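J.: For the sequence shown, the working numbering gives the first residue as 1, with consecutive numbering after it.
Because the hints were derived from the structure by calculation, they are not lab data.
Some hints could be false.
Have a look at the derived ranges for each label pair, beta carbon to beta carbon [what the hints assert, rightly or not]:
#, residue 1, residue 2, range
1, L197, K489, 18 to 28 Å
2, A423, K504, 42 to 52 Å
3, D319, A288, 35 to 45 Å
4, K522, A423, 46 to 56 Å
5, K504, G145, 51 to 61 Å
6, D609, G353, 20 to 30 Å
7, P318, A423, 25 to 35 Å
8, G353, L187, 36 to 46 Å
9, K299, R334, 36 to 46 Å
10, G497, R334, 50 to 60 Å
11, P335, R231, 23 to 33 Å
12, S210, D44, 21 to 31 Å
Straight-line Cα separation of at most 25 Å, DSS-like style, residue types lysine-lysine; simulated pairs [unchecked claim]:
#, residue 1, residue 2
13, K489, K268
14, K367, K576
15, K261, K271
Remember, it's a predicted structure, so these values are computed and weren't measured experimentally.
All C-beta atoms in this analysis are idealised placements derived from N, C-alpha and C, irrespective of residue type, glycine included.
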Amino acid sequence: MTELTRRDALAAGALATLAMSAPGWAQGNAQGAAAWDLTEIYPDEAAWDAARKGALAALPAIARYKGRLGESAQVLAEALTLQSDLGKTIGRVYTYVSLKGDEDVRVAAWQEKQAQAIDLYTAFGEATAWFAPEIIAAGKPKIDGFVAANPALKTRFDFYLANIVRQAEHTLSPEGEALLASAGAPLQAPGDISGQLRSSDIPWPTIKLSTGKEVRLDSQGYTLNRDAPNRADRKAVFDAFWTAHGKFQNSFGATYNAKVKGDIFYAKARKYPTSLAAALSGNNVPEAVYRTLVSETNKGLPQLHRYFDLRRRMLKLPDLGYWDIYPPLVSLDRPFSLDQMRTLTLEAVKPLGPDYQARIARATAAKWMDPWPREGKRPGAYMNPGAYEVHPYLLLNLSEKYDGLSTYAHEWGHALHSLLANAAQPFEKADYPIFLAEIASTLNEQLLVAQMLKNAKTKEEKLFYLGQQMENFRGTFFRQTMFAEFELKAHDLAEAGEGLSGSKFTSVYFDLLKRYHGPNMKLEASYGNEWAFIPHFYNSFYVYQYATCIAAATWFAQAILKGGPKERDNYLSVLKAGGSDYPVDILKRAGLDMATPAPYQALVASFRDTLDQAEALLA
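Let's have the full structure, built from the sequences with the hints guiding it.
T.: Laid out in structure tokens, this is it:
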């Protein structure tokens with residue numbers, strides 16, 4: 001069973017740290033061509049197509065090893081090397097066409113070429129689907145003996161092989177694996193349908209704001225206007241947007257119910273007791289991590305409720321509604337140029353040591369990044385590490401406000417993670433899992449906030465940065481855990497045999513909204529429809545990792561800022577480990593056990609300290 005890991009998922013755009021839509025077009029390169037240099041991947045389209053065709057022509061050679069993986073250590077090493085080299089090439093092929101397509105999503109030719117690259121990935125998966133069953137059939141003693149006897153197996157493939165053997169009881173026959181692989185597309189259909197509903201089929205309402213401006217409340221219109229300065233406008237935006245979702249509650253309920261049932265089907269097919277167990281198995285994450293996260297987050301809710309009361313006071317409101325959670329607590333009328341973003345980020349990451357600083361200085365000076373929004377360019381932000389032998393690429397849509405600076409530091413954190421892992425690990429062990437991915441980026445954000453606070457000149461500026469930190473904790477830790485708890489409850493209900501519907505999902509979600517936001521938060525019943533807005537729910541048991549990552553990042557950041565070279569190198573060892581071991585074990589070696597309350601308590605304590613600082617400034 002060939003798994004498409006984080007590198008492949010990123011190449012396919014599945015993991016993108018989506019930034020808020022930048023208001024208007026930023027200056028600089030806004031209207032020009034893309035600023036990155038993709039000729040470092042392939043010099044031109046002809047070279048890309050030659051590489052794609054070459055990889056496609058090489059696929060049949062894999063069949064020469066079918067039935068022979070248990071023959072000898074040499075044969076197994078040859079087969080795995082062929083698989084790995086092809087995977088590296090295919091990742092590069094997809095990365096190039098994906099980046100080209102994102103330069104201007106209106107160009108149909110690149111969409112067609114991207115489809116060719118996806119077909120190549122699919123063919124590669126089908127051609128290697130029998131690897132895991134054959135390796136398992138050979139048996140653990142034989143595989144262990146092969147690894148001990150062959151240097152290539154020991155240095156490049158030992159973890160890959162051990163992971164396959166670990167999942168033996170959940171791996172099907174070659175025919176079964178091929179069947180499950182082919183079921184992937186129809187099992188993705190619920191997410192595709194819900195996305196189509198949101199993007200094209202729902203007749204989104206148009207409302208008139210107090211300014212006289214009329215706004216259409218599709219997803220983008222909602223995002224751009226939910227923090228409107230006028231409170232009545234904000235409530236009108238919320239009421240109209242979530243009521244519109246509610247009118248399609250039955251359809252969204254059908255799509256999500258189908259997704260949950262698909263998860264249960266997959267778990268049963270692989271002989272897992274629950275959908276959660278199946279989802280966590282790939283990275284060998286103990287269920288205690290997920291459940292401890294939910295439990296400790298609930299214990300920390302009093303601090304979140306305290307934050308909401310502070311927000312009410314800072315916004316000078318008589319009460320707080322759900323429609324009041326997005327306006328900035330303090331405005332910062334300070335633009336940041338791209339050069340300033342680079343300078344401030346380099347200064348912020350000084351605690352990570354001279355090697356890290358030298359690497360990020362070289363990388364940010366090169367043409368690895370497309371920074372500014374322009375017409376036709378894909379929105380959001382991501383770091384793509386799929387061109388392993390070249391370097392990571394970053395697509396950004398920066399504003400010149402602080403959120404642009406923060407996004408810059410965040411995505412370069414991802415890039416440095418990949419650079420350090422690639423330098424320390426062979427290709428087969430460099431690809432770190434999503435469970436670790438957001439630690440490096442979020443830690444850079446926290447170092448940036450610490451640096452900006454240190455140099456802030458006024459009380460208002462300090463309150464702005466503290467507000468950014470508090471919002472980060474709210475949105476990335478508490479909100480993502482609330483999402484994770486919703487997913488867990490939905491799957492638990494389905495696995496208990498209870499009937500599910502859009503109405504049931506809305507009820508479950510609304511109960512969570514009330515608990516997480518506290519007794520003093522004003523909520524309309526229609527806001528329970530928010531679950532239908534979250535596309536991540538169609539990538540099951542995924543969002544909890546945002547919460548675990550920011551908790552781990554907070555734990556490491558505190559240690560680094562309070563400590564010295566030992567604490568810094570301890571953290572960097574996590575980045576350099578890449579995917580050479582299970583993520584929970586990599587963190588354990590660095591002194592952090594994600595199955596214990598420690599990381600989540602550290603975040604809640606940091607949240608409490610941030611609240612204390614803000615309240616002291618307001619006293």
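J.: Does each hint fit the structure? Answer for all of them.
T.: Evaluation of the provided hints:
| no. | hint | result |
| --- | --- | --- |
| 1 | L197 - K489: 18 to 28 Å | holds (23 Å) |
| 2 | A423 - K504: 42 to 52 Å | holds (50 Å) |
| 3 | D319 - A288: 35 to 45 Å | holds (39 Å) |
| 4 | K522 - A423: 46 to 56 Å | holds (52 Å) |
| 5 | K504 - G145: 51 to 61 Å | holds (53 Å) |
| 6 | D609 - G353: 20 to 30 Å | holds (25 Å) |
| 7 | P318 - A423: 25 to 35 Å | violated (56 Å) |
| 8 | G353 - L187: 36 to 46 Å | holds (45 Å) |
| 9 | K299 - R334: 36 to 46 Å | holds (37 Å) |
| 10 | G497 - R334: 50 to 60 Å | holds (56 Å) |
| 11 | P335 - R231: 23 to 33 Å | holds (27 Å) |
| 12 | S210 - D44: 21 to 31 Å | violated (53 Å) |
| 13 | K489 - K268 | holds (18 Å) |
| 14 | K367 - K576 | holds (24 Å) |
| 15 | K261 - K271 | holds (15 Å) |
In terms of the numbered hints stated before, the structure departs from hints 7 and 12, listed from lowest to highest.
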